[in-house]
Each structure stands twice: as structure tokens, then as C-alpha cells.
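Participant: For what it's worth, numbering that gives the first Met the number 0 labels the leading residue of the sequence shown as 0, then goes sequentially.
There's no promise every hint is true.
As the list claims (entries may be wrong) - Between beta-carbon pairs, the in silico distance windows are: (1) Leu193 x Phe159: 17 to 27 Å; (2) Ala227 x Leu101: 51 to 61 Å; (3) Leu194 x Gln60: 24 to 34 Å.
Said to hold, decoys possible - Listed below are the simulated SDA-like cross-link pairs for lysine to any residue, each with C-alpha atoms no more than 20 Å apart in a straight line: (4) Lys197 x Pro105; (5) Lys197 x Arg149; (6) Lys197 x Leu145; (7) Lys197 x Arg98; (8) Lys197 x Arg147; (9) Lys197 x Pro97; (10) Lys197 x Leu104; (11) Lys197 x Asp148; (12) Lys197 x Arg146; (13) Lys197 x Trp102; (14) Lys197 x Ile152; (15) Lys197 x Arg22.
Hints in this document: simulated from the structure, not taken from any laboratory. Where a beta carbon is used, it is the ideal one built from N, C-alpha and C, also for glycine.
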Amino acid sequence: MDPYHPDDPRHDPDSQARADRRRLIRALNISLAFVLALILVYSAQGSFDWAPFAVAPHSAQGLLGVLTAPLLHGSVEHIAANGVALLMLGTLAGSVYPRATLWSLPLLWIGSGLGAWLLGDAGSRHLGASGVTHGLMFLIFGLGVLRRDRPAIATGMIAFLFYGGMLLTVLPHEPGVSWQSHLGGAVGGLLAALLFRKLDPALPRKRYSWEDEEENLAPLDDELEPPAPREVPVLWVRPQNEGSRGVILRFPPRDPPNS
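Let the sequences and hints guide you as you build the complete structure.
Facilitator: Given below as C-alpha cells:
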């Protein structure tokens with residue numbers, strides 16, 4: 000039995016519940032640890048010059064920010080918004096797609112930074128993990144569209160319910176918000192969904208009781224099905240030399256009505 004798929008119908012309910020809980024807790028703990036790391040970095044930003052570690056578009060020195068900018072944030076509101084999104088989307092993705100999420104994170108991270116570096120205005124500075132959150136959202140959404148199994152569709156619907164607005168924030172909408180990093184993360188998420196959609200094996204298709212009933216009734220349906228006209232045996236054939244068809248009953252002529 001695959002531990003990555005506790006919904007496998009071969010699992011008994013108790014082991015399935017335990018596996019569900021382990022995967023959810025593991026994904027939650029990893030997401031929470033990352034959010035706490037972001038909080039620690041933000042608390043230390045006042046003690047060093049963070050500008051060289053942000054993305055500076057079209058600058059060779061600014062390429063360092065591709066690796067470090069998601070760790071930096073500009074305000075408490077900024078890190079709070081990204082922290083909640085990372086906690087929810089990271090837990091959701093990591094509990095349902097543990098392998099795909101692990102392999103996708105570098106693409107989301109680098110895609111976010113490259114989007115800001117390539118599309119941002121010269122002289123600006125881009126920082127924050129919002130590009131990674133958009134990458135997670137588009138990863139989950141893309142896997143739901145590509146895989147189309149029950150867990151994938153349910154996960155995509157939950158992510159869309161809470162963060163469907165990210166489909167619009169990949170375009171310019173508010174001054175001072177790095178839509179370029181959002182777009183780069185989203186492209187990375189879709190690319191990762193396409194590349195890693197098969198890393199987490201699909202569940203065996205669950206079989207329902209009515210399908211067995213239909214199979215048991217199939218032979219009876221074949222027996223009760225009427226044969227095709229060409230398969231019906233001919234019981235009587237009219238002789239070829241019969242001159243007239245004959246008369247079964249002869250009726251007397253009818254008198255015309257009196258006027």
C-alpha cells in the first residue's frame with residue numbers, strides 16, 4: 000500500500016485515517032516552520048542593509064535577489080498576508096501532492112525572482128514571498144486540471160475558493176505591488192504542474208456496489224434482448240405458384256342510402 004495515498008480503497012479505515020493525519024501534520028509543520036523563518040528574517044531586517052538582497056531588474060547584481068528576495072518583506076502587513084497564504088496553500092499542496100510539491104518549490108522560487116528581474120522597471124526593488132504563494136496556487140490549480148482525479152479536483156476547488164483572486168493579481172492592478180513576481184511564480188507553478196503531475200501516483204479507481212450489480216445483470220440483459228430481424232427464423236413462406244391471394248370473408252354489397 001502506498002503511504003502517499005491513504006485514500007486507496009485497499010486501506011482499512013483506521014490506517015487510512017492515521018496516514019491522512021500524518022501527511023497533514025507533516026505538511027502543516029513544514030509550512031509553519033517556513034513562515035517562522037520568514038518572521039525571523041523580517042525581525043532582523045532592521046539590522047542590515049537588505050537592498051542588495053532584493054531583486055533589482057535588469058541588473059547583474061540584482062540577480063542575487065532571485066535567491067534571497069522571497070525571504071524579505073516590507074511591512075508587517077506584507078509578511079502577515081504572505082504568511083497566511085503560505086501556511087494554507089503549503090499545507091494543502093504538501094498534504095495532497097508531497098512529491099510534486101517538493102520538486103516544484105525550486106521552480107516556484109526561481110520563477111518568482113526571474114519574473115521580477117525580467118519584467119520589472121529598472122531601478123526598482125522587488126521582495127517578498129508573494130510570487131511563491133502564487134506559484135503554489137497555480138500549481139494546485141494546474142494539477143487539478145491535469146490529473147482530474149477526486150483528490151486533485153477537490154484540492155483545486157478549495158485553493159480556488161480561498162485564493163481564486165490570484166488569477167487576476169498576475170496582471171498590473173495596484174501601484175507598488177510586484178505583479179511581475181506574481182506572474183513569474185504563476186508560470187513556474189503551471190510548468191511544475193505539467194512536469195511533475197505524475198510524481199504522486201494516481202489512486203486506483205474505487206469500485207462501487209452498483210457496478211458489480213450491473214455486471215451480474217449483463218448476461219440476463221443479453222438473454223432478454225430481442226434478436227435482430229435477420230436472425231428471426233422464417234416459419235412460413237408463401238408458395239411461388241399461387242395465382243391469387245384468396246378471400247377470407249366475403250361481404251354482401253351494401254345498398255345505397257335512400258335520399
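Participant: Please list, smallest to largest, the hint numbers that this structure does not respect.
Facilitator: When the structure is compared with the hints, none of them turns out to be violated.
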